[in-house]
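Peer 1: Residue 1394 is where the sequence shown starts when you use our numbering, and the numbers rise one by one after that.
For the record, the hints were derived by calculation from the structure and aren't laboratory data. Be aware that one or more of the hints could be misleading.
To be verified - Once the Cα atoms are required to be at most 16 Å apart in a straight line, the calculated EDC-like pairs of lysine to aspartate or glutamate come out as:
| id | residue 1 | residue 2 |
| --- | --- | --- |
| 1 | K1483 | E1429 |
| 2 | K1483 | D1403 |
| 3 | K1483 | E1401 |
| 4 | K1483 | E1400 |
Bear in mind the structure is a predicted one, so any value in this text is a computation, not a measurement.
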Amino acid sequence: VLTNSPEETDFARALALEVFGREGVLESVSPMNASEDFAFMLRERPGSYFLLGNGEKGEKGGCMVHNPGYDFNDDIITTGATLFARLVEKHCR
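With the hints as constraints, model all of the structure from the sequences given.
Peer 2: Structure below.
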């Protein structure tokens, strides 16, 4: 079972809100039944598993991975890189 650390999740949420604003962060997502190996990492170290939006239904990237219709939205590369760089930068301060 994948269980996020509350402290690391709050850290990531606050930074995402700082970077993308309230309109760019979706917080009310229902739990999913999925297999995710990251759960094993979270047993050893605190962390937070979160999703980076890839597109809306019917648009490029608008479906989940492991789906034959999946098409990675190259336009989100900068968005994802910005978020992860800021997470590392703020964590290292």
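Peer 1: Looking back at the hints listed earlier, which ones does the structure fail to meet?
Peer 2: 1
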